[in-house]
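A.B. asks: The primary structure of each chain is shown beneath.
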Amino acid sequence: MESSDGLPTPEEGAVALAEAEASRTMLADSLVLRSWFYAAIGAAITVQIATTALGHADIGSRAGWLLPAGVVVSVLVAGIELAHFRRLNGVWLGGFAGRVVGGPATAASMSYVLSVGAAVWAGFDQAWWLVALCAAAGGVAFAWSGRWWLRTYRAEPAAHGRGKSAAWLAVLAIVAVSGLVLLVVGR
Amino acid sequence: MPELDVSIQPPARLRLMTTLTAVSEAEFATLRDTMQVSDSVLSKHVAALAAVGYVNSRKGIHAGRRTTWISLTAAGRRALSAHVAALRELIAGVE
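Listed in order, the protein sequences are those of chains B and U.
Residues in the first sequence are numbered from 1 upward in steps of one, following my numbering.
Residues in the second sequence are numbered from 1 upward in steps of one, following my numbering.
Treat the hints with caution; some may be incorrect.
[Claimed, not checked] Label-pair ranges, simulated between beta-carbon atoms:
id, chain 1, residue 1, chain 2, residue 2, range
1, U, GLU3, B, MET26, 25 to 31 Å
2, B, LEU88, U, ALA82, 33 to 39 Å
3, B, ARG34, U, ALA82, 35 to 41 Å
4, B, ALA127, U, THR73, 40 to 46 Å
5, B, TRP128, U, THR73, 49 to 55 Å
What the hints contain is simulated information worked out from the structure, not anything from laboratory work.
Backbone N, C-alpha and C define an ideal beta-carbon position, used for all residues, glycine too.
Working from the sequences, and respecting the hints, build out all of it.
C.D. replies: Spelled out as C-alpha cells, the structure:
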C-alpha cells in the first residue's frame, strides 16, 4: 500500500529496502565452489611458479618452453574453474574471476611476486628443493588469498562483485599465451 | 521531498536491481530462485527495466540449454543508487 501522493510510507520503504538487501545477501551467500577449487588453483600456480623458475635456470635447451607451458597450464585451469563456477551458480562474477582466479588481489599479487622471485633465485642456485618449496608456498598463498576475497565479497557483495567480463579475460589470456609462445619461438 | 524513481519503485524491481549489484551477470533461473518469484513475474519486471535501459538481457546458453542472462547497465546502477539514497532520506525523515 502506498501513501496518498504515490510515495511509499517510510515503513514501506524500509521494508522494501531490507528485502532487497536480504535478496542480494542470499544470492552472494548461495554461491558455491567445487570442493577442490582452491586445491586446483593453488596447484596451477605452484606449477606456474616452478616452471618459471626452471625456465630461467640453466637446465638445457628446452628450458625456454617451460615458462609458457606453465602459463598455459594455469590459464587452462583458471578457464575450467571459471566455466564450472558459472555453470554451477548461474552467475558471472567479475570480481571473482579477476581477483580469485586472475589473482590481482593485493595479497595474491605480493605473495606471487615474492614466490616467483625466490623460486627463480633458488633455480639459478640449482637448489631444486627450494624451488619446490617457494612454488608450493606461492600456490598456497594464492589460494588463501582467494578464500579471503570470497569472505570479503560475501560481507559486501555490491562493493566487490564487479570486474572484467568473461570475453575480456579470454582475450587477455589468449594475448598472454600467444605472446609467451612467440617469445620462445623467436629465441 | 526525496525523488523516487518510478521505474524502481515497485519492491520487486528494487529487489531485482539490488540483487544484480552482487554479480556482473545472472542467469534468469538463478534470479527467479533467489527472488522466489514466478517466471512471468520476473519476465515482466525485467522487460520493464530493460525498456528504460536499467538492465540488459541477452540470450545465452547455461548448462547446455538456452537461457537469458541479465545484468545491470551503468544507467541502472546510477538510477538505483539515486533511488536508494532517496529512499533512505524518506526513511530517515521519520526517525
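A.B. asks: Work down the list of hints and note, for each, if the structure agrees.
C.D. replies: Verification of the supplied hints:
no.	hint	in the structure
1	GLU3(U) / MET26(B): 25 to 31 Å	29 Å, holds
2	LEU88(B) / ALA82(U): 33 to 39 Å	34 Å, holds
3	ARG34(B) / ALA82(U): 35 to 41 Å	39 Å, holds
4	ALA127(B) / THR73(U): 40 to 46 Å	54 Å, violated
5	TRP128(B) / THR73(U): 49 to 55 Å	53 Å, holds
Checked against the numbered hints given earlier, the structure breaks only hint 4 and satisfies all the rest.
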